[in-house]
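> My request is simple: use the sequences and hints to build the entire structure.
Taken in sequence, the protein lines are chains A and B. Residue numbers for the first sequence follow this note's numbering, so the first one is 1 and each next one is one higher. Residue numbers for the second sequence follow this note's numbering, so the first one is 327 and each next one is one higher.
Just so you know, the hints here were simulated from the structure itself, not pulled from any lab data. Certain hints may be false.
Unchecked claim - In silico contact screen, one side only, chain A against chain B (beta carbon under 8 Å); selected entries:
#, residue
1, T106
2, T124
3, L277
Claimed, not checked - Computed footprint of chain A on chain B; a stretch qualifies when at least three of its residues, placed anywhere within it, have a C-beta under 8 Å from a C-beta of chain A:
#, region
4, 382 to 389
5, 486 to 496
Unchecked claim - Here are some of the chain B residues that sit facing chain A, going by a computed Cβ distance under 10 Å:
#, residue
6, P451
7, P548
8, L608
9, L609
All figures in this text were calculated on a predicted structure; none of them were measured in a lab. Ideal placement from N, C-alpha and C gives every residue a C-beta, glycine not left out.
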Amino acid sequence: MRLQQRIWYVALVAAAVGVAAAIPWRASDYFVHVSVSVLYYVILASSWNLLAGYTGPFSLAHHAFAAFGGYTAALLVLRLAVPSIAAILVAAMLTAGVGLVLGFATLRMRAIYLAIATWAFAETFRLVIVAAYPITRGSVGLIVPPLFATRDPRPYYWIFLALSLLTLGAIWLLIRSRYGLYLQAVRDDEVRAESLGIDTTRWKIFGFALSSLLAGVAGACYGFYVSVLSPETIEFYEMGKIIVMVIIGGIGTFFGPVLGALIVQGLSEYFREFGQLRMLFFGVAVIILMRTYRQGSVALIRQLWARFYPPAKRLALRLRASQRAN
Amino acid sequence: MPSADLFLQYIVAGMMLGALYTVMALGITFIYSIMKMINWSMGEFYMIGSYLQYIFVIYVLGVKYWYLGVLVSAVSVFILGCILEPVVIRPMFGGFVERRTEYATVVTIALMLALRSAAYVLGGPYQRNPQTNLPRLTLGELTIPGERAVAFAGAIIAIALFYGFLRFTWFGLALRAAAQNRVAIQTAGVNIRRLDQLAFGIGVALAGVAGALLAPVFLVYPTNGAITTMKGFEIIIIAGLGSIPGALLGGLILGLVEALCSVLLSPGFQHAYGFLLVLALLLVRPYGLFGEREREV
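Next up, the structure:
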């Protein structure tokens, strides 16, 4: 990347972060509240994309890991009177631990077993939460003490903004490091990666545990924000939402999940009165997208940019020419 | 220590449900062995089967002919599967799809969300109960609700029919061949696309049968397929993906373990024991009881 281009990128990202950080001063409580949920899904979608988009195997329990983090942190605070921050950290570690065990059990064989086992885990976890009424208060819902004395969503907004920037920064650094290249090599051609001396099983387990950890942190913090946890958050509907976000944004791209979370959560809030009809629409949209334009909206924006911005167009043409030469 | 009667009651009930979970697992494993993909929307076809059973029994046939309802539901789900496969799944085998597992996973999950939401929109979140006219059965000291016994019998018949179809018909032979080698069977002049359609239809029809049979037991609502699908997936991990005899044995084992743990430990966590069994098994034998010891990379 040329220096000039790099400066432009940094300026652009800094401006976006600045605008995002300034939102709470101008916007209504409701808008800030919706923004918090968007940021929560940005973390979940990005960390799921780290596994599914960059490493290869699928987890179908990402929502359950978030809920696991939430319930663990809340129970630590409620039953053992652990300070909130410590509870969040412990919850994150435990979530990663569950991810490690599940990953170790399934990823030594075909990657598809991970998807099946995580599905079973998510469903089992939901039923256990319902059944363990004396501890978790079952379907009634667990009341979580809030982090701050006020009901103002603004402090939470900044916490989630910082958290999602941290997550995105970590993923950005990881996928550009040697280890990120290992992960992508596993995704692209596992046999070849193995032949080049990469322990593919270990890196798959690593990717899974890391993405579970991020989900655990997000879930633990979100639990303190929404202040009531119920088994409904472990319905597969939530997982479907994360997948829809990643697909609509663009799987295997860095900004895809961010854009997807913004689009899907934004539309979901805007069309609130349509209820379940929204998910019907998203499901059909994803099926059509997978058939016609599976790269998602990030690739669409890139293509439009290349068409309407002449220098980029020239660059794209040059790229295509060089690809043809290969 | 619980009494012997209670013990027996739980074991019989566990085995009976195990047979129905096996039907579900057979559907999943059958579609996998032909098309090399997991159909994540199995539970939604179960749900459709149970809704159809409800509609046929309450509005069309009447409670007396509930067994016809099962048949009609199964055939309808089969037809629905045959219609949906070319639209949704077939592009997976087109030239432009790079990562097939990813495509199949995403598309069937999207299908699942769409079907589930459609059920909410059309029928609402209410739990419905299609009645049956069955009396309670008494076997010696045990009493078994009639609809459970009938569901068990229906599951056995469905499994027998499925087995007979695979074993004794030309299509069964073709399907078994396709499970072995998808390329070789095309050189023998078999249209693999048609076979895929048939396999998908049969697989989801098995889910539909389970749904129709269990409709009076577990009731009818938009997410009623979730638990049965989970059991199906657990059986598949126990058995190893693609193994039909393994699925039969796996269903038996799962039903037994759940029943025994419910009696000996606590019935409240009935649904959790299966997963613990799966986890324990995976740590010892990562490829399942009957799975091939290969790595698909």
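> Determine for every hint whether it applies to the structure shown.
Outcome of the hint check:
1. Hint status for T106(A): holds, given a least beta-carbon distance of 6 Å to chain B, under 8 Å.
2. Checking T124(A) against chain B: minimum C-beta separation of about 4 Å stays under 8 Å; hint holds.
3. For the restraint placing L277(A) at the interface with chain B, the shortest Cβ-Cβ distance is roughly 6 Å, inside the 8 Å limit, so the hint holds.
4. Counting residues of the region 382 to 389 of chain B whose beta carbon lies closer than 8 Å to any beta carbon of chain A gives 0, which falls below the threshold of three, so the coverage claim is violated.
5. Using a Cβ-Cβ cut-off of 8 Å, 0 residues of the region 486 to 496 of chain B lie near chain A, which falls short of the minimum of three, so the contact claim is violated.
6. Look at P451(B): its Cβ gets to within about 9 Å of chain A, closer than 10 Å, so that hint holds up.
7. Contact between P548(B) and chain A, as hinted, is supported at the beta carbon level, the nearest pair being about 8 Å apart and thus within 10 Å.
8. Below 10 Å, beta-carbon pairs count as interface contacts, and L608(B) has one with chain A at about 4 Å; its hint therefore holds.
9. Given hint, L609(B) at the interface with chain A, holds; its Cβ is 5 Å from that chain's nearest Cβ, closer than 10 Å.
When held up to the earlier numbered hints, the structure conflicts with 4 and 5 and fits the remainder.
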